[in-house]
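A.B. asks: Assemble the whole structure, with the sequences as input and the hints as a guide.
Following the working numbering, the numbering of the sequence shown begins with 1 at its first residue and continues without gaps.
Don't read these hints as lab results, they were simulated from the structure. Keep in mind that the hints are not guaranteed to be accurate.
As the list claims (entries may be wrong) - Straight line, CA to CA, 25 Å or less: simulated SDA-like cross-link-like pairs of lysine to any residue: (1) Lys16 with Phe30; (2) Lys16 with His6; (3) Lys68 with His6; (4) Lys68 with Cys17; (5) Lys16 with Val26; (6) Lys88 with His6.
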Amino acid sequence: MTLVEHLQELRVRLFKCGLAIAAGSVGGWFLSARIETLMDAPICQAFSHKHCTLYVDTVYGGFTLQMKIAILVGFGFALPVTIYQIWKFVAPAFGSGANRWAPLWMVSALVLFGGGATTGYFVIPLALNFFSHFQSDNVTILVFATQYLNFILLILLVFGISFELPLVLTSLTAAGVTSSHWLASKHVYFFFGIFVFSTVFTPGADLISPIVLGGILYVLYWLSVLFSRFVLRK
Numbered sequence: 001m002t003l004v005e006h007l008q009e010l011r012v013r014l015f016k017c018g019l020a021i022a023a024g025s026v027g028g029w030f031l032s033a034r035i036e037t038l039m040d041a042p043i044c045q046a047f048s049h050k051h052c053t054l055y056v057d058t059v060y061g062g063f064t065l066q067m068k069i070a071i072l073v074g075f076g077f078a079l080p081v082t083i084y085q086i087w088k089f090v091a092p093a094f095g096s097g098a099n100r101w102a103p104l105w106m107v108s109a110l111v112l113f114g115g116g117a118t119t120g121y122f123v124i125p126l127a128l129n130f131f132s133h134f135q136s137d138n139v140t141i142l143v144f145a146t147q148y149l150n151f152i153l154l155i156l157l158v159f160g161i162s163f164e165l166p167l168v169l170t171s172l173t174a175a176g177v178t179s180s181h182w183l184a185s186k187h188v189y190f191f192f193g194i195f196v197f198s199t200v201f202t203p204g205a206d207l208i209s210p211i212v213l214g215g216i217l218y219v220l221y222w223l224s225v226l227f228s229r230f231v232l233r234k
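C.D. replies: Pasting the structure below:
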């Protein structure tokens, strides 16, 4: 395929992803109240219950919040379609036998992202608990809904995307780009790179999130090496 044909195919696949997100957002609109309850839970764990209310700073803030939640839920619902479209776009690079790996690749991507996002959700109360220690009699933390939603979104995305590390490394190994021996030989670089990444990309300034993310990613890195060596035999 020429470059123009690749770009045309990419446009079609992005359009299909957009349709899936739009359809999912409709369902997300009706689930927004339940999502707001899930958002409140970490605040109520970290702060006293009288301070676990979300605030908006405009008269239309409630509508904007519900719209954002609906779109984000739409992205979540569209994730299987998005992963499928990504696979169909990159599969030719892995040769004619790539389709037999498609179900495993897509399921692995969904499970890893879901596992990462779930882990991120349970890390949120730990991070909030860290910040709650800076509240005093003279300082009260008012949690604004939009800023808090952005905070949650960043944590879920960082954890979800980061958990795709084993899939990326094993895919590169399967494609012959790298090998388990090369990955293992660079463990020191991966160790520092993972913790630098975790420190830079986790939102806020708490110590808990980067430590948890970095520790889990380093374990996933070694699991990728073992999988590549003993299962893929590369």
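A.B. asks: Between Lys68 and His6, does the CA-CA distance stay at or below 25 Å?
C.D. replies: Roughly 32 Å separates the two Cα atoms, so the pair is violated.
A.B. asks: Is the hinted pair Lys16 and Val26 satisfied, with a Cα-Cα distance of at most 25 Å?
C.D. replies: 16 Å, holds
A.B. asks: Take a quick look at whether Lys16 and His6 sit within 25 Å of each other, Cα to Cα.
C.D. replies: 16 Å, holds
A.B. asks: Below or equal to 25 Å on CA atoms is what counts here, so check Lys68 against Cys17.
C.D. replies: 18 Å, holds
A.B. asks: Just to be careful, I want the Cα atoms of Lys88 and His6 compared with a cutoff of 25 Å; is the pair within it?
C.D. replies: This hinted pair holds, its Cα atoms lying about 12 Å apart.
A.B. asks: Hinted pair, alpha-carbon criterion (25 Å max): Lys16, Phe30. Please report holds or violated.
C.D. replies: 23 Å, holds
The structure fails to meet hint 3 from the earlier list, while all remaining hints are met.
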